[in-house]
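Chain residues, written in single-letter form:
There are 2 protein chains.
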Amino acid sequence: MLTLHGYYRSSAAYRVRIALNLKGLDHRKTFIHLRNGHQFSAAYAELNPQQQVPTLETDGGDMLVQSSAIIEWLEETWPEPPLLPADALGRQRVRALAAVPGCDIHPIGNLRVLKYLQEELGQGPDAVAAWARHWIELGFAGLERMLAEHPATGRFCHGDAPTMADLFLVPQAFNAERFNADMDKFPTVARISAACNDLEAFAAAAPGNQDDAE
Amino acid sequence: MLTLHGYYRSSAAYRVRIALNLKGLDHRKTFIHLRNGHQFSAAYAELNPQQQVPTLETDGGDMLVQSSAIIEWLEETWPEPPLLPADALGRQRVRALAAVPGCDIHPIGNLRVLKYLQEELGQGPDAVAAWARHWIELGFAGLERMLAEHPATGRFCHGDAPTMADLFLVPQAFNAERFNADMDKFPTVARISAACNDLEAFAAAAPGNQDDAE
Numbered sequence: 000m001l002t003l004h005g006y007y008r009s010s011a012a013y014r015v016r017i018a019l020n021l022k023g024l025d026h027r028k029t030f031i032h033l034r035n036g037h038q039f040s041a042a043y044a045e046l047n048p049q050q051q052v053p054t055l056e057t058d059g060g061d062m063l064v065q066s067s068a069i070i071e072w073l074e075e076t077w078p079e080p081p082l083l084p085a086d087a088l089g090r091q092r093v094r095a096l097a098a099v100p101g102c103d104i105h106p107i108g109n110l111r112v113l114k115y116l117q118e119e120l121g122q123g124p125d126a127v128a129a130w131a132r133h134w135i136e137l138g139f140a141g142l143e144r145m146l147a148e149h150p151a152t153g154r155f156c157h158g159d160a161p162t163m164a165d166l167f168l169v170p171q172a173f174n175a176e177r178f179n180a181d182m183d184k185f186p187t188v189a190r191i192s193a194a195c196n197d198l199e200a201f202a203a204a205a206p207g208n209q210d211d212a213e
Numbered sequence: 000m001l002t003l004h005g006y007y008r009s010s011a012a013y014r015v016r017i018a019l020n021l022k023g024l025d026h027r028k029t030f031i032h033l034r035n036g037h038q039f040s041a042a043y044a045e046l047n048p049q050q051q052v053p054t055l056e057t058d059g060g061d062m063l064v065q066s067s068a069i070i071e072w073l074e075e076t077w078p079e080p081p082l083l084p085a086d087a088l089g090r091q092r093v094r095a096l097a098a099v100p101g102c103d104i105h106p107i108g109n110l111r112v113l114k115y116l117q118e119e120l121g122q123g124p125d126a127v128a129a130w131a132r133h134w135i136e137l138g139f140a141g142l143e144r145m146l147a148e149h150p151a152t153g154r155f156c157h158g159d160a161p162t163m164a165d166l167f168l169v170p171q172a173f174n175a176e177r178f179n180a181d182m183d184k185f186p187t188v189a190r191i192s193a194a195c196n197d198l199e200a201f202a203a204a205a206p207g208n209q210d211d212a213e
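For the protein sequence lines, the chains are A and B, in the order given. In terms of numbering that gives the first Met the number 0, the first sequence opens at residue 0 and continues consecutively. In terms of numbering that gives the first Met the number 0, the second sequence opens at residue 0 and continues consecutively.
Simulated from the structure, these hints should not be mistaken for laboratory data. Just so it is clear, the structure is predicted and the values come from calculations on it, not from any experiment. Glycine included, C-beta positions come from ideal geometry on N, C-alpha and C. Certain hints may be false.
Said to hold, decoys possible - DSSO-like cross-link-like pairs, simulated, lysine-lysine; straight-line CA separation at most 27 Å:
1. B:K184 - A:K114
2. B:K114 - A:K114
3. A:K184 - B:K184
Said to hold, decoys possible - Across the chosen pairs, the derived CB separations fall in these ranges:
4. B:E213 - A:R27: 51 to 57 Å
5. B:E45 - A:W77: 34 to 40 Å
6. A:P186 - B:Q117: 31 to 37 Å
7. B:A126 - A:K184: 29 to 35 Å
8. A:N196 - B:A203: 46 to 52 Å
9. B:E118 - A:L110: 20 to 26 Å
10. A:D159 - B:P78: 25 to 31 Å
11. B:E213 - A:A129: 43 to 49 Å
12. A:P186 - B:E118: 39 to 45 Å
Claimed, not checked - Computed far set for chain A versus chain B, every beta-carbon distance over 12 Å:
13. R8
14. N20
15. R90
16. Q91
17. F178
18. D181
19. A194
So here's chain A without its partners, still in its complex pose (with noise of 0.2 Å):
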């Protein structure tokens, strides 16, 4: 059975949630506390040498990291439902719009970012919540765009079933709502993250359904 390590608030962890949901895999789940610095242990970073969530360990003993390689690779190996469309354009369209979160935005506003700029660089509350907002509605901005403008867009991101794209796309969305992103200039986000939370996948996955949830 996978194993997954990982945290409630983590949108990495949040991904993987979905996407072993969607793919019907039975797994177990460990929490690593990151506001506590479990990560650091000596333990888990014989887990993932960058000491981050999440992990997902193999009935091997192989230690898989990063969201977007494990999904690729939860792909790969169990190939139903499909998160990826069938043709290349799609696949590439649909990986292009994962990213957007993915690399544009999440690695920018995470807890450990803000902490420099609290810790190190001084910066109070209100300069650190307007920062990760800057870059969510920043990266919601062309998001919209990519979405709003494009045939393929469906009730989800890429057609009537959810893709990768949307496993990105939803823990973006709760993460904004935690810092009070205006929305309301993201219509089609915000569609596309109601109807995915319709689904039980999704909602499962969220954070406040978690063990560790605070």
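Since chain A is already given, all that's left is putting chain B on it; use the hints.
Chain B only, in chain A's frame:
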């Protein structure tokens, strides 16, 4: 023929240049001057809704964005020489190694983020450079462990031929030099970067060899 819209010093465009060269694909290049804000022109926004580089324009007029998704598309469309290994676990590893610069280093230290630190948070040049170095060294510390401790690491990140992982490592190592990161701490990263730069496909893609280099 493919057209790459890029900028000589963009890490993301640099990755795609290497991929095009390794695949031996004829292509045109245009240059979008990021420091002068040419990515914000209305004309460029039509090509790339995020107003970033790179954009890869196909013969059919499709505009492909996000370097990792572009490289996956190149790999699927022109499989030789392969940039991903044949086995699923190897592919997972290579994608994870690529994601360290792609998601955990580059996004936090790119031009727009450094500009925000300067212009919105009033940080001086020393603090901005220290920020860039901090995320480079933190990311490379993880990457070094992932490479040095794994039996699949060879002359390159995964075996003795370049893969997607090397396409991400080299531009980040170039960027690390600009910010005076201490590469002595990352001997495997430095060794692989040098091995890559011995290859014509990497050397020809270097920022200094682009027509818009300053």
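Mind listing which of the numbered hints don't hold for this structure, in increasing order? The structure breaks hints 3, 11, 12, 15, 16; every other hint is satisfied.
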